[in-house]
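These are the residues of each chain, in order.
There are 4 protein chains.
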Amino acid sequence: MTMMKAAVFVEPGRIELQDKPIPEVGPNDALLRITTTTICGTDIHILKGEYPVERGLTIGHEPVGIIEKLGSNVKGYQEGQRVIAGAICPSFTSYACQDGAPSQDGGACGCHGYKPMGGWRFGNTLDGTQAEYVLVPDAQANLAPVPDALSDEQVLMCPDIMSTGFAGAERANIKIGDIVVIFAQGPIGLCATAGAKLRGASCIIAVDGVDSRLEIARQMGADVTLNFKNVDVVDEILKLTGGRGVDAAIEALGTQLTFEQALRVLKPGGTLSSLGVYSQDLSIPLGAFHAGLGDHILVTSLCPGGKERMRRLLNVVASGRADFGALVTHHFALDDIEAAYDLFGHQRDGVLKVAIKP
Amino acid sequence: MTMMKAAVFVEPGRIELQDKPIPEVGPNDALLRITTTTICGTDIHILKGEYPVERGLTIGHEPVGIIEKLGSNVKGYQEGQRVIAGAICPSFTSYACQDGAPSQDGGACGCHGYKPMGGWRFGNTLDGTQAEYVLVPDAQANLAPVPDALSDEQVLMCPDIMSTGFAGAERANIKIGDIVVIFAQGPIGLCATAGAKLRGASCIIAVDGVDSRLEIARQMGADVTLNFKNVDVVDEILKLTGGRGVDAAIEALGTQLTFEQALRVLKPGGTLSSLGVYSQDLSIPLGAFHAGLGDHILVTSLCPGGKERMRRLLNVVASGRADFGALVTHHFALDDIEAAYDLFGHQRDGVLKVAIKP
Amino acid sequence: MTMMKAAVFVEPGRIELQDKPIPEVGPNDALLRITTTTICGTDIHILKGEYPVERGLTIGHEPVGIIEKLGSNVKGYQEGQRVIAGAICPSFTSYACQDGAPSQDGGACGCHGYKPMGGWRFGNTLDGTQAEYVLVPDAQANLAPVPDALSDEQVLMCPDIMSTGFAGAERANIKIGDIVVIFAQGPIGLCATAGAKLRGASCIIAVDGVDSRLEIARQMGADVTLNFKNVDVVDEILKLTGGRGVDAAIEALGTQLTFEQALRVLKPGGTLSSLGVYSQDLSIPLGAFHAGLGDHILVTSLCPGGKERMRRLLNVVASGRADFGALVTHHFALDDIEAAYDLFGHQRDGVLKVAIKP
Amino acid sequence: MTMMKAAVFVEPGRIELQDKPIPEVGPNDALLRITTTTICGTDIHILKGEYPVERGLTIGHEPVGIIEKLGSNVKGYQEGQRVIAGAICPSFTSYACQDGAPSQDGGACGCHGYKPMGGWRFGNTLDGTQAEYVLVPDAQANLAPVPDALSDEQVLMCPDIMSTGFAGAERANIKIGDIVVIFAQGPIGLCATAGAKLRGASCIIAVDGVDSRLEIARQMGADVTLNFKNVDVVDEILKLTGGRGVDAAIEALGTQLTFEQALRVLKPGGTLSSLGVYSQDLSIPLGAFHAGLGDHILVTSLCPGGKERMRRLLNVVASGRADFGALVTHHFALDDIEAAYDLFGHQRDGVLKVAIKP
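Protein chains in written order, with our numbering: chain A, 1 to 358; chain B, 1 to 358; chain C, 1 to 358; chain D, 1 to 358.
Think of the hints as simulated: they come from the structure by calculation, not from any bench. Be aware that a few hints might be false.
Which copy is meant is left open, so a pair is good if it fits within one copy or across any two.
What the hints assert, rightly or not - Derived pair list, reagent style BS3-like, types lysine-lysine, alpha-carbon separation capped at 25 Å:
#1 Lys-229 x Lys-239
#2 Lys-229 x Lys-48
#3 Lys-20 x Lys-115
#4 Lys-48 x Lys-20
#5 Lys-175 x Lys-75
#6 Lys-115 x Lys-175
#7 Lys-5 x Lys-357
#8 Lys-5 x Lys-239
#9 Lys-229 x Lys-69
#10 Lys-69 x Lys-20
#11 Lys-239 x Lys-75
#12 Lys-115 x Lys-75
#13 Lys-69 x Lys-5
#14 Lys-357 x Lys-229
#15 Lys-115 x Lys-229
#16 Lys-229 x Lys-20
#17 Lys-48 x Lys-239
#18 Lys-75 x Lys-357
#19 Lys-175 x Lys-239
#20 Lys-357 x Lys-69
Using the sequences and the accompanying hints, generate a full structural model.
Rendered as structure tokens:
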């Protein structure tokens, strides 16, 4: 009973299920028995070797599970309780955390405390969630109890997808009555679409190249959907807004094209909220940027974590304000995770998100 | 070497120096050997029995000291290092802390995590700093190293007075070119005056009844000083602003009169930032409140804590942007703390703040 | 054709339909032929003499109408176009307007430009909308075209009720996942309830004493409704939030009781957003105020106006995000406005809002 | 007396003094007799044909003058009064103006009201200030009286340089205790340096290649100055901040290099505030951008205008909080403006700004 199965990064191109010891629990940790987890686009980057992690690391950063064991300093939880933790799992004690940037947490450094993306630890700098067990560091700050009425599938999007997508909307400075466009309607874009609705946008334009995703975008709150294979997206949006442009544009893919289109349809004074993970230098076109005089705001966001964030997202799900159950299109046992990677990595069969159950 | 001297609340009217055991250090704690501390107005309320604390509690919440011993989980510091900690010493892991209200920290409660003023622990719910040693809880989040070039006296105001006074200015929504008034120029009001200058107010009006304090207010940045014994403060401020009122009014005393005057001189759309600790129900006069239609903002603030806050305040001192050394008017040994209470409590001899040294 | 009918304040207790000249149109004005207007609670205060206006003034501040004549400097509109203007009709050129407080517009004063509630001109300092025609000052800044697809009744709430109620929610600092309570579910409270939903609150608690209003509150987005005749509202809300309190409380009535309850259920660090028009000094209870140390924000709001505000609210109606058609419970001809005042003033027959048509 | 002298754009490479009719005054206009104006870097772009304006247009956008004649609707001013107006002169009535973007004012369009940089009219779309007289449009919103105690030279920076530079600091989200770097110490960069100090930065790093400008930067508030000819700026700043990076970086030149350096020294979660006018597409380096996951904010700003803005800047000058008199290094008569262009355009003789007097 001291060993567990875990999906491990072996080398570029290979993630395999292996046996590993169940981790020891320190005073500020909690050990979760994973009941459901999932695969993220970032995991595919890891698999391909595009995002480097240590060989032998357990992958995955989206945990739903049962508290198996609590560290001696962790109070207010019970073993046996069902919880989630954010994909980003900051200490909340560092300078960065106290300075409004917990996702950029550099941890216990006496002087500086910043590290780009440092709050992301599961499946990045610590063993992750695609396993039978995961150790949650700084558990006091990161465990959020799941209401009994909600299924694992209903809350599976909270740790990353919802938190990221909503952040894209929250940081887009949306006001009641805004026109907002969201470029790309993958899982994160769909959550950004729902987030734009929750912040009061009265006209939401969703852009993608897959009609079935645009259909789901409508369920999430899109008023207008544009398939970039059928229309010139920039022209169409400028036409829809009478040439004025949108109040906010959310980029949810990570390419030069979508970034640039987002800027081209943005009103002077508007906000471009970028969620995508880019893989090359970005170019800002001079004209769309009004030579730097457009009073634009460009904001990037990494997924917010922490138990308060998770508590809020759980409330959104529990209240029925947003329902992302439809995003879970496929189920796999942990034993079959390699097949799940294959399906998800190739985006076959209309997959949006897969539920993985040990 | 296991006992220490500590100023203890015995009963209303009596704070005495007693012997107490030096505290045990848990994994997330740090033990400081106090080198300098001070007495706050709140301590006088405790002494008088107006603010209830447990009998036997060590009083005081403003520590400058040397790390004597670090808990096993506290990283990035060294024993022997000189540090400060905020008067407010939150866990930074609770829901309240992650929700933007660390001073209202309810601690390790699984569900709710809020407690009014709960971040204030030294000399309130835990043994305080008027002692030879103090135990800092959640030390990872609360210890801020002091640059060698700064004396204890120079940084003694950081833990409470500067943090509180600056918060009054920071939360007053001050913009460059604002007219700001600060009611009362005790230690906190003087720091609020300095804070208003740091935020860009171009006309700062300081109000008090003691000319020597108004003199210091000028050093802190006041452009105009009004002694309420000599002028009708409300009339004078309305005259100074051509009847328009001030952009922001900071209340730094905690009385009906100053609160009400702050509102009466506030422009429609302005912010009243209240720092005072009130001792009775407040009345909002209907006329000055424009019957609730004045687009007013009224904000209250408890002293912000945490190592990032302390780091910033230390930077302000180190840069020479503000200098509160002049506020330390008297020095006492810890052995003479009862005399210090007597002087400070009766506001004799022009006292502003006293330095207490074990 | 130079005379029109208008509802005129004659003396306390008497508003009468009288004949008046149709106003002359200056270069920055527009003359509207009113097609629909309504009566507001404020008009009842005027009728009773509780809010003083000049005798002979035409009452009413909520216009839907057709542009009859445009001033020579007003560009971009056509005579014959259907428009609305806000109840608050600022110049947008004064210091107050440029300083973020257009509703407190003091107009064309070279030096100061502030006047409490000065942006409210219709039926307050200028002839109002309960007439066949109304003159809109600073028309360039205030006329908002109504989309053809929307009926007068659908947009009748935009000029005041929606703008005010939404402002209560917008200024309450609501974040996704918040718990928000709205005290009183009259027309403004109902709009605040809808506004809280539009800003992303995931649990909305509506309080009133009339079950039929609570029923409409549910349609507007309330998750929980509390009839204060049946339950102790404060106890119930604290129970619902596990003792923590709500993130934001909106007061939409203007009484000591509701204001005080709003504060008593507010979490430390929370925002009390007040919309009510108070008629006496308010008392802030010391305990609920945490003696001034609760990091509370208290904000008051007067209805925002201007064509951009109206444009946004029209977009909300057009998108179907909120539907306030149900608030128009009764219709009257302008000739019968005295009967309408009688019904509305006595709150008979379940009246929420009346549509008045010349 | 109906003709005046004006500096006119003839063709690329030629700005000449010509005779033009003194403009007619419409009801919302004011005619100023210019007493002092200046040349801006933008004017040099116009001269060179890099920024296109109509041939025959009078250049210049920084007016200090005397009201010669007021339009019939302009209230609260007197003919003979000394005033300034902002370089950006918005109507304040358009949708863009009411939506928080007055500098992007599209004017009196019924539907949309946005135009990139549309608030800039003097010397761009209307005749400018390098003339004996200038017509101020929407004068009610744009004229700001100058206190008698201030000289023309003291207030000459308000219309553009101060307003722009301060905006760079205001929009950089500076908090008390921040470390801020400003790239380039020309007139705008120097004002941004002063602005960073006014917002509470406790460590200000100024970067330029000219030691005499760095010397002035110190007077404006810089704590550290770096000459990029002597040190590797990025390395040096990272060293100064212990590898953490700065809280905010202000770009005040408009080149790829300075933009990129600003990003490279920015902490995760920090703000890059860009003031420069760029002349080519910008590239965002992937690494410094943390692939879009750094929680960065990038904000651009066009000079804010309007009488309230000018009033605040005049207050800053009057209070002595900042003194930009030293920036006026040379004086010319309007008759000699071609020589002034020659000097300023070639940056000879240590010129910062020139005062031009008709």
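We went through each hint and held it up to the structure:
1. For the identical chains of this complex, Lys-229 and Lys-239 are intra-copy neighbours only, at 17 Å inside a copy versus 49 Å across copies, given an alpha-carbon limit of 25 Å.
2. In the homo-oligomer, the alpha carbons of Lys-229 and Lys-48 never lie at most 25 Å apart, since the shortest distance is 28 Å inside one protomer and 43 Å across protomers.
3. When the C-alpha separation of Lys-20 and Lys-115 is checked against a cutoff of 25 Å, the pair qualifies neither within a copy, at 28 Å, nor between copies, at 42 Å.
4. Taking the shortest Cα distances, Lys-48 and Lys-20 sit within 25 Å of each other inside one copy (23 Å), while across copies they are farther apart (62 Å).
5. In this assembly of identical chains, Lys-175 and Lys-75 lie within 25 Å of each other by CA distance neither inside one copy nor across copies; the values are 39 Å within and 27 Å between.
6. In this assembly of identical chains, the alpha carbons of Lys-115 and Lys-175 lie at most 25 Å apart only when taken from different copies (20 Å versus 32 Å within one copy).
7. For a Cα distance limit of 25 Å, the shortest separation of Lys-5 from Lys-357 inside one copy, 12 Å, qualifies, whereas the shortest one across copies, 58 Å, does not.
8. With identical chains, the CA atoms of Lys-5 and Lys-239 are never at most 25 Å apart, being 54 Å at best within one copy and 43 Å at best between copies.
9. For a Cα distance limit of 25 Å, the shortest separation of Lys-229 from Lys-69 qualifies neither inside one copy, at 51 Å, nor across copies, at 47 Å.
10. In this assembly of identical chains, Lys-69 and Lys-20 lie within 25 Å of each other by CA distance solely inside one copy; the values are 18 Å within and 36 Å between copies.
11. Taking the shortest alpha-carbon separations for Lys-239 and Lys-75, only the inter-copy value of 22 Å comes in at or below 25 Å, while the best intra-copy value is 56 Å.
12. Only between protomers do Lys-115 and Lys-75 lie at most 25 Å apart by alpha-carbon distance; the minimum there is 16 Å, versus 28 Å within a single protomer.
13. In the homo-oligomer, the alpha carbons of Lys-69 and Lys-5 lie at most 25 Å apart inside one protomer (18 Å), although the nearest pairing across protomers, at 41 Å, exceeds that limit.
14. Proximity of Lys-357 and Lys-229 under a CA criterion of 25 Å is satisfied in neither setting, with 36 Å inside one chain copy and 50 Å between copies.
15. In the homo-oligomer, the alpha carbons of Lys-115 and Lys-229 never lie at most 25 Å apart, since the shortest distance is 40 Å inside one protomer and 30 Å across protomers.
16. For a Cα distance limit of 25 Å, the shortest separation of Lys-229 from Lys-20 qualifies neither inside one copy, at 46 Å, nor across copies, at 55 Å.
17. Neither within a single protomer nor between protomers do Lys-48 and Lys-239 lie at most 25 Å apart by alpha-carbon distance, with minima of 40 Å and 35 Å respectively.
18. Taking the closest pair of Cα atoms, Lys-75 and Lys-357 never come within 25 Å of each other, the shortest separation being 28 Å inside a single copy and 36 Å across copies.
19. Taking identical chains as interchangeable, the C-alpha atoms of Lys-175 and Lys-239 lie at most 25 Å apart only when both belong to the same chain, with a minimum of 21 Å there against 32 Å between chains.
20. Taking the shortest alpha-carbon separations for Lys-357 and Lys-69, only the intra-copy value of 20 Å comes in at or below 25 Å, while the best inter-copy value is 45 Å.
In this structure, the earlier hints numbered 2, 3, 5, 8, 9, 14, 15, 16, 17 and 18 are contradicted, and the remaining ones agree with it.
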